[in-house]
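Given next are the chains, with one letter for each unit.
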Amino acid sequence: MRKIISGNEAIAIGAYRANASFASGYPGTPSSEILEYTKTFEDIKVQWASNEKSAFEQALGSSIAGRRSFVTMKHVGLNVAADSLMSSSYTGVNAGFVVVVADDPGMHSSQNEQDTRLFAKFAQVPILEPSDAKEAMGFMQYAFSLSEEYDTPVILRSTTRVSHTQELVYFDMHKLGGTEDKLLAKNISKYVLVPKNALLRHKKLLERNTKLQKLTNETPLNRIEQGSLNVGIITSGVSYLYAKELLPEANFLKIGLSWPFPIDLAKEFTKNLEKVIVIEELEPYIEEQLKIAGINNVEGKKFFPQDGEFNLDIVEEGLVKASVLEKRHKKYFEVPKNLPERPPVLCPGCPHRPIFDILHSLKVYVTGDIGCYTLGAAPPLSSIHTTVCMGASISMGYGIAKASQNHKIVSVIGDSTFLHTGIQPLIDAYVNNVAYTVIILDNSITAMTGGQPDAVSGFNIKNEPAPKVDLENLVRSIGIKRVFKVDQYNYKKTKEIIEQEINTKELSVIIATRPCVLAPIKIKETPYFVIADKCIDCKRCLRIGCPAIGYKESKAYIIEDLCTGCALCAEVCPTLAIVKGESNE
Amino acid sequence: MNKGIIFCGVGGDGIITASNICALALMRASFDVKKSEVHGMSQRGGSVNAFLVFGKKVYSFLPAKGSLNYMFASEKLEALRNVDYLNPDSKLLVNDRIVPIVGANIDEVQIEENLKSYSLDLKLVNFNDVAKQHNMQKAVNTIMLGYFSKIIEIDKKYFIRAISDNLSPKLIDINIEAFEIGFNLQ
Ligand SMILES: Cc1ncc(C[n+]2csc(CCOP(=O)(O)OP(=O)(O)O)c2C)c(N)n1
Ligand code: SF4
Ligand code: SF4
Chain A
207 MRKIISGNEA IAIGAYRANA SFASGYPGTP SSEILEYTKT FEDIKVQWAS
257 NEKSAFEQAL GSSIAGRRSF VTMKHVGLNV AADSLMSSSY TGVNAGFVVV
307 VADDPGMHSS QNEQDTRLFA KFAQVPILEP SDAKEAMGFM QYAFSLSEEY
357 DTPVILRSTT RVSHTQELVY FDMHKLGGTE DKLLAKNISK YVLVPKNALL
407 RHKKLLERNT KLQKLTNETP LNRIEQGSLN VGIITSGVSY LYAKELLPEA
457 NFLKIGLSWP FPIDLAKEFT KNLEKVIVIE ELEPYIEEQL KIAGINNVEG
507 KKFFPQDGEF NLDIVEEGLV KASVLEKRHK KYFEVPKNLP ERPPVLCPGC
557 PHRPIFDILH SLKVYVTGDI GCYTLGAAPP LSSIHTTVCM GASISMGYGI
607 AKASQNHKIV SVIGDSTFLH TGIQPLIDAY VNNVAYTVII LDNSITAMTG
657 GQPDAVSGFN IKNEPAPKVD LENLVRSIGI KRVFKVDQYN YKKTKEIIEQ
707 EINTKELSVI IATRPCVLAP IKIKETPYFV IADKCIDCKR CLRIGCPAIG
757 YKESKAYIIE DLCTGCALCA EVCPTLAIVK GESNE
Chain B
568 MNKGIIFCGV GGDGIITASN ICALALMRAS FDVKKSEVHG MSQRGGSVNA
618 FLVFGKKVYS FLPAKGSLNY MFASEKLEAL RNVDYLNPDS KLLVNDRIVP
668 IVGANIDEVQ IEENLKSYSL DLKLVNFNDV AKQHNMQKAV NTIMLGYFSK
718 IIEIDKKYFI RAISDNLSPK LIDINIEAFE IGFNLQ
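Same order as they appear, the protein sequences are chains A and B. Taking my numbering, the leading residue of the first sequence gets 207, the next gets one more, and so forth. Taking my numbering, the leading residue of the second sequence gets 568, the next gets one more, and so forth.
If you are wondering where the hints come from, they were derived from the structure by calculation, not from laboratory data. Some hints here could point you the wrong way.
[Said to hold, decoys possible] Pairs of lysine to any residue, SDA-like flavour, derived with a Cα cap of 25 Å:
hint, chain 1, residue 1, chain 2, residue 2
1, A, Lys-209, B, Ile-743
2, A, Lys-245, A, Phe-665
3, A, Lys-730, B, Gly-579
4, B, Lys-737, A, Tyr-243
5, A, Lys-758, B, Asp-599
6, A, Lys-251, A, Lys-730
7, B, Lys-690, A, Pro-546
8, B, Lys-723, B, Leu-734
9, A, Lys-245, B, Ser-735
10, B, Lys-683, A, Tyr-538
11, A, Lys-728, B, Thr-584
12, B, Lys-723, B, Glu-744
13, B, Lys-658, A, Thr-385
14, A, Lys-392, A, Gly-267
15, A, Lys-209, B, Lys-658
16, B, Lys-624, A, Leu-531
17, A, Lys-758, B, Ile-743
18, A, Lys-450, B, Asn-569
19, A, Lys-537, B, Ile-719
[What the hints assert, rightly or not] Under 8 Å between C-beta atoms, here's a sample of chain B residues computed to sit facing chain A:
hint, residue
20, Val-577
21, Met-594
22, Ser-603
23, Leu-629
24, Pro-667
25, Ala-671
We put the beta carbon where it would ideally sit given N, CA and C, even for glycine.
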């Protein structure tokens with residue numbers, strides 16, 4: 207077959223060909239599409255979990271049941287599943303178990319740019335780093351056998367560029383032979399990590415490391431490519447492609463299995479070379495391995511940045527700095543300075559907007575969380591004051607409310623994020639009598655990452671009807687008394703309730719129930735328009751930050767194509783100049 | 568020699584779909600193709616771009632500044648934002664329109680002047696108007712692709728096949744019609 211596929215699709219195909227039969231994950235850019243592709247394979251049971259730890263352990267359980275299994279997440283997801291990772295490294299696996307983690311150098315859609323290779327070293331599990339879609343497919347397929355042969359979870363590390371780059375790949379859809387499902391493993395000394403067992407498992411792990419050390423120096427995944435220059439380049443992932451394009455005449459040590467690091471191979475490679483350069487995105491992981499082993503004719507971060515995403519220009523600049531390349535690419539044109547930036551914004555009609563307009567006008571302190579609603583921190587709404595990681599809104603709101611009792615504190619959290627890591631902090635707040643207001647922005651979907659269903663959506667990853675959690679019952683069952691449901695398109699009522707609750711000296715939870723206008727279905731009602739004669743140029747409607755509202759010649763106007771008819775602008779306009787219907791222009 | 572295209576525009580305006588169809592057409596025309604784009608935050612109405620490199624054999628997919636041959640821009644400000652990827656021989660097709668930015672003032676005249684100041688081979692056409700005339704507001708980018716196929720000199724039959732293979736059945740006819748409208752535009 208000849209097809210243009212992305213790295214994420216390639217990973218799904220690799221798993222299929224390796225006879226995987228179970229997959230779970232939690233959405234997160236750039237990893238989300240892996241399961242979206244996987245779900246098209248009938249023989250793989252696919253599901254979204256409510257967080258990465260749950261997903262990880264589901265897949266581990268399935269592996270112990272004898273089925274090849276994998277789990278997908280973005281880099282920060284592995285923090286949530288770190289507990290599971292660290293100890294499953296001790297238990298090992300039954301059938302092959304692969305942890306697919308997608309890093310996001312450059313933070314296209316993330317809150318940090320941590321490097322998963324360090325996690326692999328920490329947990330002492332092998333990590334594979336494909337450079338492109340074709341490799342991603344092969345590496346994923348191989349990861350399952352590696353996992354079984356060495357009795358270990360295996361991490362497959364992708365990055366935004368690998369996951370989201372599409373390329374032409376020739377492949378077939380044949381499944382590998384010889385990988386029968388195994389029986390459910392009953393082995394208490396292996397799978398019950400009480401200290402006595404765990405001490406033995408730790409010794410096993412160290413034995414495994416010795417074997418893996420041998421493998422990493424011999425595997426074709428770590429390969430030397432001879433060149434004609436007296437220059438060596440040690441590199442992995444997408445950096446390999448940039449370097450190969452810029453300096454194909456160099457000698458290359460391409461790393462595909464990066465932990466354990468192939469030290470002997472690297473010694474062999476660097477032995478007769480005058481100059482060796484390490485090109486790696488983010489942390490100086492490879493460089494440190496080399497230097498610790500006493501290989502001293504290497505330099506990396508001296509020439510290349512430790513932050514941000516690489517591209518051809520950056521790698522070229524580094525190689526020029528290292529004096530192994532003369533600048534080839536010329537920049538001809540400068541982009542004019544001070545071009546207005548075009549940051550992402552909440553969609554026209556987004557159900558989060560009325561809430562932030564209200565919070566803005568009430569001047570409360572808002573701890574935020576991660577999702578589309580994080581955009582409520584951007585001007586003109588500017589009404590979120592902290593965003594750290596998933597679930598942190600309710601717990602940080604707790605801390606602030608306890609510490610500074612004269613401030614009005616509100617925590618905002620999306621439905622998917624609440625189910626991910628928001629429930630426990632809410633329980634803490636209840637049992638410790640902390641008085642503040644939690645608003646659950648229940649748009650009934652995981653919108654930020656592209657509209658994946660969650661436990662309140664009522665359908666599953668395959669679009670089949672599914673049981674759904676009733677948030678109000680869930681919150682009430684904790685024991686919290688002040689629980690309210692609001693429809694934020696009813697602006698006045700919503701404002702009334704929020705105002706009432708922030709002035710109550712008790713914990714309250716407000717569930718805002720309007721669905722997302724983009725997913726699972728696009729909502730577009732009759733648009734609104736501005737009666738120009740009535741517009742007094744007060745700019746109140748511009749302060750809600752709706753991209754469908756423009757401003758020209760001292761008047762606001764509405765872009766019909768974009769307006770979804772949510773009526774928020776009409777609600778806030780003091781002269782009732784905004785009305786429903788087609789503009790008669 | 569490999570050739571490169573940058574597609575740029577505003578999140579949600581279909582630029583990624585346009586680049587997908589173009590990639591498929593190039594594949595049909597027997598080129599090796601690599602395409603790179605960024606999903607995520609930028610799709611909520613932010614700046615979006617996608618790079619497409621095609622040729623006999625393509626290694627890297629993130630092209631260097633100054634190295635691209637073509638630009639397909641669905642908006643003028645976004646075209647300007649990405650001119651550093653172009654060189655004096657590049658050809659541009661830009662939809663002659665401005666999408667407002669929340670809270671910012673955009674000086675359309677200035678932007679157009681700037682864009683013209685690079686003396687590039689620039690085609691500026693308001694494809695939204697063209698689409699309106701034909702009552703095809705949903706297929707603006709496909710009309711644009713029809714025109715673009717002539718600029719990059721790729722036979723239209725490859726695009727027609729890409730559209731037929733890639734879009735859902737109920738969208739195929741209208742998109743082929745839209746493509747033809749763009750193709751026949753002078
Ligand atoms: C630990 C972790 N996992 C995943 C993500 C990716 N991610 C960002 S926001 C989000 C969920 C957003 O859903 P929701 O809370 O319902 O808000 P919405 O976007 O729908 O407004 C996810 C999965 C992340 N940032 N951190
Ligand atoms: S995708 Fe949905 S939740 Fe996200 S900004 Fe748009 S309307 Fe709001
Ligand atoms: S009704 Fe007003 S606020 Fe709502 S989408 Fe239309 S222009 Fe935006």
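Here is what the structure says about each hint:
| no. | hint | result |
| --- | --- | --- |
| 1 | A:Lys-209 to B:Ile-743 | holds (22 Å) |
| 2 | A:Lys-245 to A:Phe-665 | holds (14 Å) |
| 3 | A:Lys-730 to B:Gly-579 | holds (15 Å) |
| 4 | B:Lys-737 to A:Tyr-243 | holds (22 Å) |
| 5 | A:Lys-758 to B:Asp-599 | violated (47 Å) |
| 6 | A:Lys-251 to A:Lys-730 | violated (35 Å) |
| 7 | B:Lys-690 to A:Pro-546 | holds (23 Å) |
| 8 | B:Lys-723 to B:Leu-734 | holds (16 Å) |
| 9 | A:Lys-245 to B:Ser-735 | holds (19 Å) |
| 10 | B:Lys-683 to A:Tyr-538 | holds (15 Å) |
| 11 | A:Lys-728 to B:Thr-584 | holds (17 Å) |
| 12 | B:Lys-723 to B:Glu-744 | holds (12 Å) |
| 13 | B:Lys-658 to A:Thr-385 | violated (53 Å) |
| 14 | A:Lys-392 to A:Gly-267 | holds (12 Å) |
| 15 | A:Lys-209 to B:Lys-658 | violated (28 Å) |
| 16 | B:Lys-624 to A:Leu-531 | holds (22 Å) |
| 17 | A:Lys-758 to B:Ile-743 | violated (37 Å) |
| 18 | A:Lys-450 to B:Asn-569 | holds (15 Å) |
| 19 | A:Lys-537 to B:Ile-719 | holds (22 Å) |
| 20 | Val-577 | holds (7 Å) |
| 21 | Met-594 | holds (6 Å) |
| 22 | Ser-603 | holds (4 Å) |
| 23 | Leu-629 | holds (4 Å) |
| 24 | Pro-667 | holds (5 Å) |
| 25 | Ala-671 | holds (4 Å) |
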